[in-house]
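**Student:** Listed below, chain by chain, are the residues.
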Amino acid sequence: MVDEATRKSLSGIPLLKTKAGPRDKELWVQRLKEEFQALIKYVETNKQQDNDWFRLESNKEGTRWFGKCWYIQDLLKYEFDVEFDIPVTYPTTAPEIALPELDGKTAKMYRGGKICLTDHFKPLWARNVPKFGIAHAMALGLGPWLAVEIPDLIQKGVVVYKEK
Amino acid sequence: MEELKKRIEQLEQELKIEKLKNETSSVARPKISQMSSEVVDSNPYSRLMALKRMGIVENYEKIRDYTVAVVGVGGVGSVTAEMLTRCGIGKLILFDYDKVELANMNRLFFQPHQSGLSKVEAAANTLSFINPDVQFETHNYNITTMDNFQHFMGRIKEGSLTNGPVDLVLSCVDNFEARMAINAACNEINQIWFESGVSENAVSGHIQFLIPGKTACFACAPPLVVASNIDEKTLKKDGVCAASLPTTMAIVAGFLVQNTLKYLLKFGQVSYYLGYNAMQDFFPTMMMKPNDGCDDYHCRLRQKEQRESLILNPVKETVSEEIAAVIHEDNEWGISLVDESEPVVEGAHSEIAPGIHAAYDLPVAEEVVEGSSDSVDANVSLEELMAQMKSM
Ligand SMILES: [Zn+2]
Numbered sequence: 001m002v003d004e005a006t007r008k009s010l011s012g013i014p015l016l017k018t019k020a021g022p023r024d025k026e027l028w029v030q031r032l033k034e035e036f037q038a039l040i041k042y043v044e045t046n047k048q049q050d051n052d053w054f055r056l057e058s059n060k061e062g063t064r065w066f067g068k069c070w071y072i073q074d075l076l077k078y079e080f081d082v083e084f085d086i087p088v089t090y091p092t093t094a095p096e097i098a099l100p101e102l103d104g105k106t107a108k109m110y111r112g113g114k115i116c117l118t119d120h121f122k123p124l125w126a127r128n129v130p131k132f133g134i135a136h137a138m139a140l141g142l143g144p145w146l147a148v149e150i151p152d153l154i155q156k157g158v159v160v161y162k163e164k
Numbered sequence: 001m002e003e004l005k006k007r008i009e010q011l012e013q014e015l016k017i018e019k020l021k022n023e024t025s026s027v028a029r030p031k032i033s034q035m036s037s038e039v040v041d042s043n044p045y046s047r048l049m050a051l052k053r054m055g056i057v058e059n060y061e062k063i064r065d066y067t068v069a070v071v072g073v074g075g076v077g078s079v080t081a082e083m084l085t086r087c088g089i090g091k092l093i094l095f096d097y098d099k100v101e102l103a104n105m106n107r108l109f110f111q112p113h114q115s116g117l118s119k120v121e122a123a124a125n126t127l128s129f130i131n132p133d134v135q136f137e138t139h140n141y142n143i144t145t146m147d148n149f150q151h152f153m154g155r156i157k158e159g160s161l162t163n164g165p166v167d168l169v170l171s172c173v174d175n176f177e178a179r180m181a182i183n184a185a186c187n188e189i190n191q192i193w194f195e196s197g198v199s200e201n202a203v204s205g206h207i208q209f210l211i212p213g214k215t216a217c218f219a220c221a222p223p224l225v226v227a228s229n230i231d232e233k234t235l236k237k238d239g240v241c242a243a244s245l246p247t248t249m250a251i252v253a254g255f256l257v258q259n260t261l262k263y264l265l266k267f268g269q270v271s272y273y274l275g276y277n278a279m280q281d282f283f284p285t286m287m288m289k290p291n292d293g294c295d296d297y298h299c300r301l302r303q304k305e306q307r308e309s310l311i312l313n314p315v316k317e318t319v320s321e322e323i324a325a326v327i328h329e330d331n332e333w334g335i336s337l338v339d340e341s342e343p344v345v346e347g348a349h350s351e352i353a354p355g356i357h358a359a360y361d362l363p364v365a366e367e368v369v370e371g372s373s374d375s376v377d378a379n380v381s382l383e384e385l386m387a388q389m390k391s392m
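From first to last, the protein sequence lines stand for chains S and R. Counting from 1, one number per residue, gives the positions in the first sequence under full-length UniProt numbering. Counting from 1, one number per residue, gives the positions in the second sequence under full-length UniProt numbering.
Excised from the complex, chain R in its bound form (with noise of 0.2 Å):
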C-alpha cells in the first residue's frame, strides 16, 4: 500500500515535469555552439562577450569549459544556479535533498506551481529553458549520510566536462553539519571552494573563499558572525527557527557568483572573505590563514603539502588583513568543559577582524578533562550492547 501511494507520487512528479517541458520547449531557442560578441537582438551573449571587447575579462569564452558545483538549492543556492545558468557557464551539478515548499516562496527563483518536485529537478528544468546551452546534473540526496557522501566525493572528483574534478565547489547549504561535511570533502580531495551563509535573523550573511592549505577551512575555527550590531538579548527566538529575507539572499548569492566569475575567468580580486551586515551596510573582509592544528586530518595534511611547495617556489605574497584561525587567548572567560559536576560558563566571543567574530570559543587542548571512570568493557560485543539496549 506504502509502496503503491510512493509510487504514484512518483508518476505524479514526473508528469508534472513532463507537462513542464512540452509548456516549454515551443518556445525554447535552439543550442548556440559558440559564444559570439556580435550584438543583435537574439544574442544571449553579446552583453557579456561585451566584458572582452572593454578589457575586463580576457576570454569570457572559457566559461564554458568550466564545471561548478552547487551544494544546496535553496535561497541562495537557486539564485547562485541561475546567474551561473544565464552568465552561460559549461555544467552546473546540483546536490539538495529537499522539495520545493509554498513556504519557499519569500525567495526568489521557485515558483508556486513547482512545490512538490524535488529542488534540483525543478531548478534544473528551469534553468535549461533559461540556457540549453548549459549541462545539468542532479543529486537529490542528503549528502552528509555515509552512502550519499562517497557518491558526493566521486562526482566533485569526477564531474567536470572532461571527466576530471570539478572546477569549483560552492556551499549554499544552510546547516553546520553539511558546511561541515563539505569541507571535509574538500580538504580530502584538495578542491576549492567557497562557502556562502545568511544569518538565522536574516540580516547578515557571508562569502568565504577556501583553498585546502592555504587559507583556514571550514573547522580551523569556530564558524564566523557577521556582527549585526542587535543586542541578543532583544532577539526573539521563541516561536521560530530562522527568519529569511529574499534580499539578504540575492545579495549573497550575487557575491559568491561574482567571486566565482572573478576566480573563474581571471579578472579583478578574489575576497577571501567578505561579510555583509544589513543593519549598517557594513562589508568586512579579512584573509584567515590555517590553523596547524585544525582538527581535520586532511587539512594538516594540505597545510603541510602547502609549506614544502613554498618551500620549493617561495612565492612573495602580500595579504594586509591575514589573521591567525586561532587565538591563543589566557582563560579569561572562565571557558570551562562540562564534566559531570562543573557548570558551563559561556564566555564573550573572540573577534577574529572587525565587525567579525566567532559564533563561540572552544576550549584551549591543556583545558580537556579526562572522561568519566565507565570505561568500555572490551569483553562485550557490539551485537550484546545493542540487544541489551533493544530488550530495555
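This is chain S alone, in the form it adopts within the complex (with noise of 0.2 Å):
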C-alpha cells in the first residue's frame, strides 16, 4: 500500500503518455523527453520541498541511466552512486534500480546491488503502465528503500560517512 508521504511524492511528478521503450526509435525519443520532463519537474519540486535527493543523466540513446543519490541523518550526507538500464521490455517492465557499491553488503539487494521491491511495486507499476516513468521509479522504488535501509546500515556500521 502506498504510504501519504510517498502519495504526496507522485503528487508532483506529472504522468507520461507515450507507450514506448528503446526499440521503438523516433517513439522512444518523445518517450525520453517526457521521461527528462517528468524528472525534472521531480527534482525541482523536491528542490522546493527541501528534499533534494538525487540526481540523474543518461548516454545519449538514454538507454543507461546514472548519478548520484544521497541520504541526511544527523546531518551528514552519505552519496551513492546510483545506475540501471533500460530493458527491451520498459515500459512495460520496471527499471532495475542499482547502488552497486552495496552490493553484497545488505541482503536487501539481489546481485549486481539491484534493490529489492516491496510486493507492492510491481502491481503498481503494472497497473500504471505506461504512465510511470523513471521518476516514479525513483520515487515508489529507490525512495522508500533508501529511508528503511540506509540508517539500518548506518547503525550497523555498514556504511559510513565519507568526508568529502
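Don't read these hints as lab results, they were simulated from the structure. Predicted model only: the values in this text are computed from it and were never measured. Here a beta-carbon is modelled for each residue, glycine too, at the ideal position from N, C-alpha and C. All clues given are correct.
One-sided excerpt, in silico: chain S residues whose CB lies under 7 Å from chain R:
#, residue
1, Val29
2, Phe36
3, Ile40
4, Glu57
5, Asp85
6, Val88
7, Thr89
8, Thr93
9, Pro123
For lysine-lysine, the following DSSO-like pairs were computed, each having C-alpha atoms within a straight-line distance of at most 30 Å:
#, chain 1, residue 1, chain 2, residue 2
10, R, Lys390, S, Lys60
11, S, Lys68, S, Lys17
12, R, Lys19, R, Lys91
13, S, Lys17, R, Lys390
14, S, Lys47, S, Lys108
15, R, Lys289, S, Lys19
16, S, Lys162, S, Lys47
17, S, Lys25, S, Lys41
18, S, Lys19, R, Lys390
19, R, Lys289, R, Lys304
20, S, Lys25, R, Lys157
21, S, Lys60, S, Lys122
22, S, Lys19, R, Lys214
23, R, Lys16, S, Lys105
24, R, Lys390, S, Lys41
25, S, Lys19, S, Lys8
26, S, Lys19, S, Lys122
27, S, Lys8, S, Lys47
28, S, Lys162, R, Lys390
29, R, Lys99, S, Lys156
30, R, Lys5, S, Lys114
31, R, Lys99, S, Lys68
32, R, Lys289, R, Lys262
33, S, Lys60, R, Lys6
34, R, Lys304, S, Lys19
35, S, Lys162, S, Lys68
36, S, Lys122, R, Lys214
37, R, Lys16, S, Lys114
38, S, Lys68, R, Lys390
39, S, Lys108, S, Lys122
40, R, Lys52, R, Lys262
From the two separate chains plus the hints, produce the assembled complex.
**Tutor:** Here it is, written out as C-alpha cells:
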C-alpha cells in the first residue's frame, strides 16, 4: 500500500503518455522527452520541499542511466552512485535500479546491487503502464528503500560517513 | 589502473579454466559418434536407448539433432542443462550474465572452487566433461539490454546445429524483466518455449509451455502464482529478498526437462502449465488461451496467423482445462489507477484455475484515466532537456 508520504511525492510528478521502449525509434525519443520533463519537475519539486535527494543523467540513447542519490542523517550526507539500464520491455517492466557499491552489504538486494522492491511496487507499476516513468521508479522504489535501509546500514556500521 | 586490474582478473579466470581442463582431460572419455543400445558398462547411453526398446520413445537418437537454449544458468537452469547433457542433447546454448558465488552453494551443480567464474563458462566446462558429445555455446551477458537483446534474438533464430532456429528455448531466469524479454523475442520470431519459475519463498514453482498464438503468452495475463496456502500476513519479508531451496529448484528443473523430452522426442503428453505447491504437495495443471487484447503486438499477430491457419486446416482439439487469459470481472474489488490524487486500492486476485491465481489484477481498458495536463513541449529538443537536467 502506498503511504501518505509516497502519495504526496507521486503527486508532484507528471504522468507520461507515450508507450514506447528503446526499440521503438522515434517514439522512444518522444518518451525520453517525457521522461526528462517528469524528472526535471520532480527534482524541482523536491528542491522546493527541501527534499532534494538524487540526480540522474543518461547516455545519448537514453538506455543507460547513472547519477547520485543521497540520504541525510544527523546533518551528514551519505552519497551513493545509482545506475540502471532501460530494459527492452520498458515501460511494461520497470527499470531495475542498482546501487553497486552496496552490493553484498545488505540482504535487501539482488545480485549486482539491484534494490529489492516491495511486493506492492510491481503490481502498482503494472497497473500504471505507460504513465509511470523513471521519476516514479525513483519515488516509489529507490526513495522508500533508502529511507528504510540506509539508517539500518549506518547503525550496523556497514555504511560510514565519508568526508567530501 | 582499473583496466589493468580487470585484465588481471580476466587472465586469472582463464588460468583457472585451463587448470580445470587439464585436471579433467586425463580422465575424459572420447566422443561417441553414434548412440548404441548395447548394454555394456562403458556405454553412457544404454539406459536411455532402453526407452526405445521398451517402446516409450520411438527414436531416442533423434535427441542428438536437437538444440536447446537455456536462458539463466542458476538454481533451475544449471540442473536443467546437466539433465539435458546427460540425456545426450545435440547442442546447448547457455545465457547468463552472473558469476558463481559462494552464496549459490545451497543449490545443486556449481562447486565452491568455481566461484568467481562466469556461470555459463563454469557450466560448459563441467558439462562438456560429463558428456563430450554435446556442443556448447555460451553467452555471458544480460539479455534485457538493447544490444544484447538483438544478439540474443539472432542466436535463437540461427543457433541450431544446422544454423536454423533452436528447437526449444527454456527460460530459467529469476526475474520478471528477463521473462518479458524472452517472451517478446519468442513472440517476434515465433519460437516455442518453456517458462519456469520458483517463488521467492521457495515453496512453490511452475513450468509453462508457450506456443506463440496458440497458448497464452507471458504478457497475456499478469504473472501466475501457485497458491502456497501461506497467510500473506505471516510471511515475513523483512531483511531478505528471496529464499531458495535446492529441492524445489530441482523438482522444477525435473518437470521442465521431462516436458522438454516429451516435446522433442514425442512421447506422452506435454503439460501446458504445471504448478507445484510444496506445502501440500499439490500439482495443479491447466491450459490458458491467449488474450486477444494482449499488450504484445507480436502475440496478437501470431494469434491472427493461428486463426487463419485453423480456418485452412481445422483440427479438432480437445483440451478440457482451457482457460481464457483474461477474466473480465466487474470492478468489484475497487481496483483503481493512480492519478494525481486518487489512492491505490489493492484488490483480491483472480483465481485462474484451482490453486493458480494472478499475482495481481490489471485495470480493464475502459478505466484508463488521462494523464496530467503537463504535456511535452514539442519545441524543446531532447538535447536541451538532457542539458537542463544535467545543470540542475
Ligand atoms: Zn500475449
